[in-house]
Amino acid sequence: MLALAAPAGAAGSGDPDWPCIQRRVDHLSLAVMWPLPLAEEPPALSPDLAALGAQLALRRLSEEEMRALVEEAAARHSDLTPEAWGEVFRIAFERIDRERARIIGGIVRYARNQARLAREIEDLRAEMRSLEAAAEPDFDRMDEVEEGLDWRTRLFADRDRALTYVCESPVLLEQHAYAVAQMILPHAR
Numbered sequence: 001m002l003a004l005a006a007p008a009g010a011a012g013s014g015d016p017d018w019p020c021i022q023r024r025v026d027h028l029s030l031a032v033m034w035p036l037p038l039a040e041e042p043p044a045l046s047p048d049l050a051a052l053g054a055q056l057a058l059r060r061l062s063e064e065e066m067r068a069l070v071e072e073a074a075a076r077h078s079d080l081t082p083e084a085w086g087e088v089f090r091i092a093f094e095r096i097d098r099e100r101a102r103i104i105g106g107i108v109r110y111a112r113n114q115a116r117l118a119r120e121i122e123d124l125r126a127e128m129r130s131l132e133a134a135a136e137p138d139f140d141r142m143d144e145v146e147e148g149l150d151w152r153t154r155l156f157a158d159r160d161r162a163l164t165y166v167c168e169s170p171v172l173l174e175q176h177a178y179a180v181a182q183m184i185l186p187h188a189r
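Under my numbering, the letters of the sequence shown match residues 1 to 189, in that order.
Think of the hints as simulated: they come from the structure by calculation, not from any bench.
Warning: the hint list may mix true and false statements.
[What the hints assert, rightly or not] Beta-carbon label-pair distances, calculated as ranges:
hint	residue 1	residue 2	range
1	R141	H27	42 to 52 Å
2	E71	H27	28 to 38 Å
3	D15	Y165	11 to 21 Å
4	A115	D48	44 to 54 Å
5	D26	A54	20 to 30 Å
6	R67	E147	48 to 58 Å
7	R141	L30	56 to 66 Å
8	T164	G105	10 to 20 Å
9	S78	D158	50 to 60 Å
10	L131	Q175	46 to 56 Å
All residues carry an ideal CB built from backbone N, CA and C; glycine is no exception.
Could you put together the complete structure from these sequences and hints?
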């Protein structure tokens with residue numbers, strides 16, 4: 001029998017719209033990842049440094065590729081101030097955080113759809129029990145209900161299996177932001 005409940009780890013979260021084991025944090029804190037002071041007025045960056053911040057936010061880049069981009073920029077801009085490096089990180093961080101928040105919103109919609117699907121499955125099961133208990137069962141309707149139940153149950157199970165991957169995405173983005181900070185920090189000090 002298919003269990004139609006939130007994952008065990010999410011049960012204690014207190015948020016029925018959050019199915020993940022990880023605690024829900026909608027936005028990351030830049031100050032947690034960047035220990036140096038940031039300029040009140042962000043310094044003007046050359047177009048290539050602003051583009052570097054945007055590139056470092058891309059998930060498709062490996063750590064080696066990101067490191068090479070940072071090292072190349074450090075070699076080209078050896079006089080870059082800590083504030084300017086902080087601004088490069090801020091650009092990357094804000095893009096990563098926006099993407100992460102978008103994914104978290106998707107996870108919430110995902111959880112709501114799973115809850116709706118679970119209710120539909122329970123309703124169809126109740127209807128099937130009623131149809132089976134009837135003095136003169138409506139076999140055509142029973143076939144329709146069974147087909148709907150099979151489809152929804154399969155869909156629910158497929159989505160449930162994908163949940164682990166879906167829930168890892170915000171964590172991976174947080175790790176990505178931290179890795180970017182760690183690559184830039186040595187040049188900012």
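> Tell me, which hint numbers fail for this structure?
Replying inline: none
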